[in-house]
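Residues per chain are reported as follows:
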Amino acid sequence: MDERMIPLMIDGIKVEVPEGTTVLEAAKKAHVKIPTLCFLKDVNEIGACRMCVVDYGARALQAACVLQVAPNMIIRTNTPEVREARRTVLELILSNHDKKCLSCVRSQNCELQKLSVELGIENGDEFKGEQNTYDVDNVSPCVVRDNNKCILCRRCVSTCIDAQGCGVIGPVQRGFKTSIESPWNLHLNDMACIGCGQCITNCPVGALYEKEQIDIVWDMLADKDLHVVVQTAPAVRAALGEEFGLPMGTNVTGQMAEALRRMGFDKVFDTNFGADLTIMEEATELIDRLKNGGVLPMITSCSPGWVKYCETYHPDFIPNLSSCKSPHEMMGAVIKSYYAQTMNIPIDKLRVVSVMPCTAKKFEAKRPELAANGMPDVDAVITTRELAKMIKTAGIDFPSLPEGTFDPLLSEASGAGVIFGATGGVMEAALRTAYETLTGKELQKLDFSDVRGTQGIKEASVEIGNLKFNVAVVNGTANAGQLLEQVRSGKKNYQFIEVMGCPGGCVTGGGQPVVSAQTRLTVDPRKVRAGALYQADAGMKLRKSHENPSIKKLYEDFLEKPNSHKAHYLLHTHYTKRPKYSK
Amino acid sequence: MAENAQKYEKLDQIIRQHKDEPGNLMPVMQEAQEIFGCVPLDVQERIADGLGVTLSEVYGVATFYSQFALEPKGKYVISVCLGTACYVKGSQQVLDKICEELGTASGKTSDDGMFTIQATRCIGACGLAPVMTINDEVHGRITADDVPAILGKYKV
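Here the protein sequences come in this chain order: A and B.
If you count the first sequence from 1, position 76 lands on 74 in our numbering, and the numbers rise without skipping.
Remember, our numbering sits 19 above the position in the second sequence when you count from 1.
You may find that some hints are simply not true.
To be verified - Okay, derived cross-link-like pairs now, SDA-like style, lysine to any residue, Cα gap no bigger than 25 Å in a straight line:
no., chain 1, residue 1, chain 2, residue 2
1, A, K31, A, Q516
2, A, K175, B, S85
3, A, K175, B, P59
4, A, K31, A, C108
5, B, K29, A, Y579
6, A, K175, B, T103
7, A, K578, B, L44
8, B, K26, A, W182
9, A, K175, B, F83
10, A, K175, B, C141
11, B, K38, A, G163
12, A, K542, A, Q442
The set of hints was computed from the structure by calculation and includes no laboratory data.
Next up, chain A with everything else stripped away, as it sits in the complex (with noise of 0.2 Å):
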């Protein structure tokens, strides 16, 4: 069907864009740059800000990420009043916002700051007067909150109901007092928020921030009898250059892995090791599940802001999830048995640093059953944005890097194990195990591709010699809640369903480079981000984690073969039921 295109005048120039489309949109055509702070394309799209007033001969000035095109149009963009209004917007939510940029992790990177930059802005205290301060709520171990930054924009709010359909945060209060708070002032801690972080990825300025754990890190890498192991997940190579101003998608794991080094770590592993050996015990986990009468659907247990909503909103669905560890707790797990054997490095000598794209894996971390060799199995974890902002902290050039090396014995992987950071990677890389394992022939295309691309929920049939099963995969913990009501009334029936509790996967996780809602109206980084792993699984020679070398080594070595008692004992969890309110 043709869509029908509205002709109209912005700033003098002509355009022609789809009917529907918003005037903020269509002003891009224009080469015409309107501010925003509250819209955030698809989540927040409430007009409530006011920065992005146009003129188009109204009584009042309209807010243009609200306004539909109309034809012929005429908008302004540029006139005295409109920039007056704008800075005056501006001063006022400066009026009420503790300006303190040189202790903001967000400084230069803050849609705030950029705004007050190029509208021209002073001191921003043209409205001198009352200013609220709030209590810093640094309780979670993964987020962060500090009101006193807050610029009451409702874009976490939005993202936690409506993307993550948890809803722990929302406006309290109203007028002067408005602020972003947790109901009866409970902690995020208290309330049953999974950690995900993607309040942070979406907030415009540094009022929402992960749990830092750098120092930690830093004081491990100055104590000379610690021997310090780090790993890095997938999808953090895929962004790592974005804070660095390489361009959205450029991967970067061989600056990454020398940059590592540099800092000091002992030994550089690459979780994607993990990811290939979580592909064998969950593949046998699900093909055991299959033939022998096991809990279906299984679902996927790699994220665990998805297994932290299940157990609190889903909890009728702990039987379904996979009991595997994600990937960085069974590398955890097996650094510190086998890699500690095989090195001979007392245990409590020993040190796992895990760089996440995720702010979740810090709970997850701290959960007392993943402690397989009577400690914790990771000792911490940090996000993509705090490896940056150490790497900068240790004067390291990162784009003029040589490429280097990850370590052996634990970092030779697969494709499969690389597109684990992209929704529909672990479901493909389970399904390429699971065809050979099961037919013994050797699979001929290993693309699954109606499980690849951004959608919320892609459904897939899948024939395997002579099992035929259904699969679903799933991101954004409330696409996961929706499904999971469709399982439970028998609407819908499957086998096996992988859930990644953030939109677009890890590639977009909570822990990642913050993508402005300006570069977000034109670029999708969950696309973007993912087609850099997906890049760099089609250039690789081996695709399949059950042909991993190493994996093969490993339990020939060490743990037997997949589901083994040993393997059950490393590699396997159990999940608890949790209150959605305690307090």
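Knowing the structure of chain A, use the given hints to seat chain B on it.
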């Protein structure tokens, strides 16, 4: 205890009644407040779970509108009008005196649970300014000096 169980049963019934109506949150909260005298945490949780909304939303509404109370109100609710007419006639001094007499801040309930003090907008009795109400009784043309005697009648 049994009385409480009865109240919760009534609340559940109201939730069931309104469950599928659009815009049902505020009516349910209003009826809940009538039953319990306020909308405390456990009542809010029950409403949230019952209507399939988040506790954040319920609490947001409860704190947005001043007619919802989070804590039980006192036996007597004193509302002092701070509308323009009453204000220029000195109702602020009346309010201050009440707070002083009861040792309780505006918007709060006295420790013995007897009095809740609140400031209100114009109640439409400007001819009696300055005016206050104690539950359903109206007291007009009062001064700060009248306050102890008026309160004395309720203190018994």
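So, going through the hints one by one against the coordinates:
Restraint check for K31 (chain A) and Q516 (chain A): the C-alpha separation of about 8 Å stays at or below 25 Å, so the hint holds. Straight-line distance between C-alpha atoms of K175 (chain A) and S85 (chain B) comes to about 13 Å, which keeps the hinted pair within the 25 Å bound. Of the supplied pair hints, the one linking K175 (chain A) and P59 (chain B) holds, its CA atoms being roughly 21 Å apart against a limit of 25 Å. Annotation: proposed proximity of K31 (chain A) to C108 (chain A) holds, straight-line Cα distance about 17 Å (limit 25 Å).
Distance check on the hinted pair: K29 (chain B) and Y579 (chain A) sit about 23 Å apart at the alpha-carbon level, within 25 Å; holds. Restraint check for K175 (chain A) and T103 (chain B): satisfied, since their Cα atoms lie roughly 23 Å apart, inside the 25 Å limit. A hinted pair counts as satisfied when its Cα atoms are at most 25 Å apart, and K578 (chain A) with L44 (chain B) qualifies at roughly 20 Å. The suggested pairing of K26 (chain B) with W182 (chain A) holds, with an alpha-carbon distance near 22 Å, which does not exceed 25 Å.
A C-alpha spacing of about 10 Å is found between K175 (chain A) and F83 (chain B), which places the hinted pair at or below 25 Å, so the restraint holds. Only pairs whose Cα atoms come within 25 Å are accepted, and K175 (chain A) paired with C141 (chain B) is accepted, the gap being roughly 22 Å. Under the criterion of a C-alpha separation no larger than 25 Å, the hint pairing K38 (chain B) with G163 (chain A) is consistent with the structure, at around 19 Å. At most 25 Å may separate the alpha-carbon atoms for a hinted pair to count; K542 (chain A) and Q442 (chain A) meet this at roughly 12 Å.
Hint compliance for this structure: every hint is met.
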